[in-house]
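Enquirer: Letter by letter, the chains look like this.
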Amino acid sequence: MHEYSVVAELISALVPKLDAHTGTVRAVFLRKGELRILSDRALCSAFEVLREGTRLAGATLEIESVPATVRCTACGYGGAAESYVDEAFHIAVPILACPRCGEEVAVVTGRELVVERVSIEETGNEERPRCRSSGGD
Amino acid sequence: MHDIRVSGEDILARQLALAEQNYRRLRAKGIRAVSVMGAIGSGKTSLIERLIDRAATSGRRVGTIAGDSAGDDDHRRFTDRGASSVNLNTQDDCHLDAHAVEHALERLPLDELDLLFIENVGNLICPADFPLGTDVEVVVISVTEGNDMVRKHPKIFAQTDVVVINKIDLAEAVGVDPARIVADYSVLNPHGDAFLTDARHDRGIDEVARALGIECTSTQW
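Protein chains in written order, with numbering that gives the first Met the number 0: chain A, 0 to 136; chain B, 0 to 220.
Bear in mind the hints are in silico, worked out from the structure with no lab data behind them.
Each residue gets a CB set at the ideal place from its N, CA and C atoms; glycine is no exception.
Do not rely on the hints blindly, as some may be mistaken.
Heads up, incomplete: computed chain B residues facing chain A, CB under 7 Å, no partners named [as the list claims (entries may be wrong)]:
| hint | residue |
| --- | --- |
| 1 | His1 |
| 2 | Leu11 |
| 3 | Leu15 |
Which bits of chain A does chain B cover? Going by a derived footprint, with three or more residues having C-beta under 8 Å, they are [what the hints assert, rightly or not]:
| hint | region |
| --- | --- |
| 4 | 8-19 |
| 5 | 35-42 |
| 6 | 55-62 |
| 7 | 67-79 |
Whole structure, please, built from the sequences with the hints as guidance.
Expert: Here's what the structure looks like:
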């Protein structure tokens, strides 16, 4: 359940940045790289608990998955990582090898965990909305 | 309703910065650091014991950080083996983090060490997002965890560069084919290295030592 410590970090970093803005925060948009080993459901659950008593008490956590992209150090390929798909397991796992030549790659995107945007309502109510995610884990 | 932009610093940036700080500190002391992760009972401690022995025979001075949610069993095993060890109880937290390791480093005689093993809490999933600042990360799995161990945690193994499949002496008894685990891993991580070991009976350890940069017969790292 390391999602709790991640969300605690998210909230403590985000709240001070909202001091300059009045109103009720309604949504926090989290960009989560698909290489991260973090469950969307557990992140949302942690957010619903830890937002209480903070400026984020009336906000949902909206999670957007960021696909893995790579750069090949051998052939110069830059772009999407190839995924290993196993329908039996309902998974698509980015493979950290060059889709073109098979050599080792550097990860360009896919490991981020960042909040760049929040939605604010000028006059809020005390509603406690449920969190949503874009699906998957 | 309106959207505002907030400065987009990564939520794990503080952890990454602390890990980088640990890395630099260890590097400045000339210490090679190895992080060992894996489930409870996979054989992390036994593997480290064997690697301590290998390092010691070539005159390397070894430090260990024994991460566990409670108790000092592993810490005592490392100390008995001659390592300078720090016991790091996480009080039920499911993983070590760079901050806890930073404090553990304060308690180690860094000037006297060549090599550091950090054994994470017995938990495969949670440590994966928390780098500690080591040179190498290794995941230990046991054949008793099943044929499908790698397939059940594909994102972790796709990002793990060294995998040790331990307790191969038990493979037949539990009906597991280690070659299948290796094959699954090589699909997910074409550039990863997989090793078969029986740490309890000291088999397959030299190959792991070499892969982790612990050359036992050479004076070079």
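Enquirer: Look at each hint and say if it fits the structure.
Expert: Outcome of the hint check:
For the restraint placing histidine 1(B) at the interface with chain A, the shortest Cβ-Cβ distance is roughly 6 Å, inside the 7 Å limit, so the hint holds. Because the smallest distance between the Cβ of leucine 11(B) and any Cβ of chain A comes to about 5 Å, under 7 Å, the interface hint for this residue holds. With a cut of 7 Å, the hint placing leucine 15(B) at the interface with chain A is violated, because the nearest CB-to-CB distance is about 10 Å. A count of 6 residues in the region 8-19 of chain A with a Cβ less than 8 Å from any Cβ of chain B is obtained; the coverage claim is therefore met, three being the minimum.
For the region 35-42 of chain A, the proposed coverage by chain B is satisfied: 3 residues have a C-beta within less than 8 Å of a C-beta in that chain, meeting the threshold of three. Only residues whose beta carbon comes within less than 8 Å of a beta carbon in chain B count, and the region 55-62 of chain A has 0; fewer than three means the coverage is violated. Coverage of the region 67-79 of chain A by chain B is violated in this model, with 0 residues showing a Cβ closer than 8 Å to a Cβ of that chain against a need of three.
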